[in-house]
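One line per chain: the protein sequences are A and B, in this order.
In terms of our numbering, the first sequence has 169 at position 169, counting the first letter as 1, and numbering is strictly consecutive.
In terms of our numbering, the second sequence has 37 at position 37, counting the first letter as 1, and numbering is strictly consecutive.
Read the hints as simulated data drawn from the structure, not as lab findings.
Only a predicted model underlies this, so the values are computations on that prediction, with no experimental measurement involved.
Backbone N, C-alpha and C fix where the C-beta goes; we use that ideal spot for every residue, glycine too.
Among the hints, a few may not be true.
Under the rule of at most 30 Å between Cα atoms (straight-line distance), these lysine-lysine pairs were calculated in the DSS-like manner [as the list claims (entries may be wrong)]:
id: 1; chain 1: B; residue 1: Lys71; chain 2: A; residue 2: Lys129
id: 2; chain 1: B; residue 1: Lys72; chain 2: A; residue 2: Lys134
id: 3; chain 1: A; residue 1: Lys71; chain 2: B; residue 2: Lys129
id: 4; chain 1: A; residue 1: Lys71; chain 2: B; residue 2: Lys72
id: 5; chain 1: A; residue 1: Lys71; chain 2: A; residue 2: Lys134
id: 6; chain 1: B; residue 1: Lys129; chain 2: B; residue 2: Lys71
id: 7; chain 1: B; residue 1: Lys71; chain 2: A; residue 2: Lys69
id: 8; chain 1: A; residue 1: Lys72; chain 2: B; residue 2: Lys69
id: 9; chain 1: A; residue 1: Lys134; chain 2: A; residue 2: Lys69
id: 10; chain 1: B; residue 1: Lys72; chain 2: B; residue 2: Lys125
id: 11; chain 1: B; residue 1: Lys134; chain 2: A; residue 2: Lys69
id: 12; chain 1: A; residue 1: Lys71; chain 2: A; residue 2: Lys129
id: 13; chain 1: B; residue 1: Lys72; chain 2: A; residue 2: Lys69
id: 14; chain 1: B; residue 1: Lys71; chain 2: B; residue 2: Lys125
id: 15; chain 1: B; residue 1: Lys69; chain 2: A; residue 2: Lys129
id: 16; chain 1: A; residue 1: Lys69; chain 2: B; residue 2: Lys129
Which bits of chain B does chain A cover? Going by a derived footprint, with three or more residues having C-beta under 8 Å, they are [claimed, not checked]:
id: 17; stretch: 96-105
id: 18; stretch: 146-152
Number of protein chains: 2
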Amino acid sequence: MVFWKSLFSGGDTATDAKAGASVGTAVKVTGLNLPPNSQIFFSTDRDLDLYELEELCDIVGWSRRPLRKVKKALQNSFIVVSMWEVRGATKRMIGFARATSDGAFNATVWDVVVHPDFQGQRLGKAMMKYTIDKIRAEDISNITLFADAHVVGFYSGMGFVEDPEGIKGMFWYPD
Amino acid sequence: MVFWKSLFSGGDTATDAKAGASVGTAVKVTGLNLPPNSQIFFSTDRDLDLYELEELCDIVGWSRRPLRKVKKALQNSFIVVSMWEVRGATKRMIGFARATSDGAFNATVWDVVVHPDFQGQRLGKAMMKYTIDKIRAEDISNITLFADAHVVGFYSGMGFVEDPEGIKGMFWYPD
Ligand SMILES: CC(C)(COP(=O)(O)OP(=O)(O)OC[C@H]1O[C@@H](n2cnc3c(N)ncnc32)[C@H](O)[C@@H]1OP(=O)(O)O)[C@@H](O)C(=O)NCCC(=O)NCCS
Ligand SMILES: CC(C)(COP(=O)(O)OP(=O)(O)OC[C@H]1O[C@@H](n2cnc3c(N)ncnc32)[C@H](O)[C@@H]1OP(=O)(O)O)[C@@H](O)C(=O)NCCC(=O)NCCS
Numbered sequence: 001m002v003f004w005k006s007l008f009s010g011g012d013t014a015t016d017a018k019a020g021a022s023v024g025t026a027v028k029v030t031g032l033n034l035p036p037n038s039q040i041f042f043s044t045d046r047d048l049d050l051y052e053l054e055e056l057c058d059i060v061g062w063s064r065r066p067l068r069k070v071k072k073a074l075q076n077s078f079i080v081v082s083m084w085e086v087r088g089a090t091k092r093m094i095g096f097a098r099a100t101s102d103g104a105f106n107a108t109v110w111d112v113v114v115h116p117d118f119q120g121q122r123l124g125k126a127m128m129k130y131t132i133d134k135i136r137a138e139d140i141s142n143i144t145l146f147a148d149a150h151v152v153g154f155y156s157g158m159g160f161v162e163d164p165e166g167i168k169g170m171f172w173y174p175d
Numbered sequence: 001m002v003f004w005k006s007l008f009s010g011g012d013t014a015t016d017a018k019a020g021a022s023v024g025t026a027v028k029v030t031g032l033n034l035p036p037n038s039q040i041f042f043s044t045d046r047d048l049d050l051y052e053l054e055e056l057c058d059i060v061g062w063s064r065r066p067l068r069k070v071k072k073a074l075q076n077s078f079i080v081v082s083m084w085e086v087r088g089a090t091k092r093m094i095g096f097a098r099a100t101s102d103g104a105f106n107a108t109v110w111d112v113v114v115h116p117d118f119q120g121q122r123l124g125k126a127m128m129k130y131t132i133d134k135i136r137a138e139d140i141s142n143i144t145l146f147a148d149a150h151v152v153g154f155y156s157g158m159g160f161v162e163d164p165e166g167i168k169g170m171f172w173y174p175d
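Whole structure, please, built from the sequences with the hints as guidance.
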């Protein structure tokens, strides 16, 4: 099921996206450095253009991953969130996040990225809020992630806590 | 699909389990404090008796969880591992672990428990090794978990590393 939601509009009024898909609630946010005819949308459609996603990950310096595995990971993720800039009839993927989950107790967020052209405008935070809201709507209370050292502040600013009660994130490395 | 594997035998020879299910490779381990007619098996069957599982979690002091949600969590887990003591025609669940995953890159292990009567005999380690092997067999390279403070040593002893390269485990708490 495709679900689109526009949270930000560069113009004065929220207009229907011409790039296809139905539009959810549009929320006006000031101070965004976007052209006036540009709108930001979120989607939970997991049938993404893998090349477009790869391009986004490339540009922030992530190492390439086999598209076959990326496809499998998207299929098996609990939620796949993408963020789009829509201008008239064109759309462009400018953000991405996904989470694995047991659908009941725990969800773990992976692969959070915002296109460098759109960073620093609170869009990453909005995308995370959207992702968290979706997870919470499924009655899952424990939302976790593993933050790279340089983005711990990004997550703590939105309510994520490091090592609560001494719980430690651990990674397995073969001997 | 039900999969049973016996790794430990209290007796001198590995015999077929009479409690049903086919038996995998049996590996003899000395020093186990088990009755001679007792064998330890692993299973990946996710269709478990939820009351038996609840009993196991109760006895180590975990808080009760709605069985409806436990059932959903087992269904949506990537792998569900249980450990059994089989004696003649009876079997008893003595350990449990499960993992969520995207089936491609990341797996996260949750709810690792060994019955107190069977702790301290390297069965927890064997169950984790079994779980890791199953995950690795699916070509998933990143195995993670969130360890309670008092069990960090248990996991580091089997190759799990805390906060590698400064990566921090984080939990979301609503404001
Ligand atoms: C991390 C990332 C997703 C942030 O997206 P963004 O849209 O630039 O972030 P936002 O503008 O929404 O930031 C929200 C808040 O977090 C803060 N913040 C953003 N990045 C931060 C960082 N690296 N460290 C500390 N704080 C940060 C912002 O200052 C802002 O604070 P404010 O609300 O007080 O103004 C983005 O920089 C990115 O994609 N980086 C490369 C990929 C990456 O490293 N992903 C994380 C892998 S775990
Ligand atoms: C944690 C637990 C699963 C360990 O199972 P176990 O069968 O007793 O552990 P093992 O005998 O396989 O231990 C393997 C090794 O880890 C060590 N170890 C076990 N528990 C440990 C702990 N709490 N802290 C540090 N080291 C520990 C053992 O000494 C042993 O070391 P060795 O190989 O050098 O002899 C078990 O104690 C348990 O179920 N505890 C209650 C539930 C719990 O807290 N689960 C973890 C939630 S994150």
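- Message: Please verify whether Lys71(A) and Lys129(B) have alpha carbons no more than 30 Å apart.
- Response: The hint holds at about 28 Å.
- Item | Lys71(A) paired with Lys129(A) [C-alpha distance capped at 30 Å] | holds (24 Å)
- Taking a Cβ-Cβ distance under 8 Å as contact, does the stretch 96-105 of chain B have three or more residues in contact with chain A? Since 7 is at least three, the answer is holds.
- Query: Within a Cα-Cα threshold of 30 Å, do Lys69(B) and Lys129(A) meet the stated pairing?
  - Reply: holds (24 Å)
- For the pair supplied as a hint, Lys134(B) and Lys69(A), confirm whether the alpha-carbon distance does not exceed 30 Å. holds (18 Å)
- Report holds or violated for chain A covering the stretch 146-152 of chain B, Cβ cut-off 8 Å, minimum 3 residues. holds (count 5)
- Regarding the pair Lys71(B) and Lys129(A), is the alpha-carbon distance no greater than 30 Å? holds (28 Å)
- Task: Could you grab the alpha-carbon distance between Lys72(B) and Lys134(A) and see if it respects the 30 Å cut-off?
- Result: holds (18 Å)
- Query: Regarding the pair Lys71(A) and Lys72(B), is the alpha-carbon distance no greater than 30 Å?
  - Reply: Measuring from Cα to Cα gives roughly 24 Å; hence the hint holds.
- Task: Mind checking the alpha carbons of Lys72(B) and Lys125(B) for me, to see if they're no more than 30 Å apart?
- Result: holds (26 Å)
- Lys129(B) and Lys71(B): Cα distance at most 30 Å? With Cα atoms ~24 Å apart, Lys129(B) and Lys71(B) stay inside 30 Å; holds.
- Given the proposed pairing of Lys134(A) with Lys69(A), does the C-alpha separation stay at or below 30 Å? holds (24 Å)
The structure meets every hint from the earlier list without exception.
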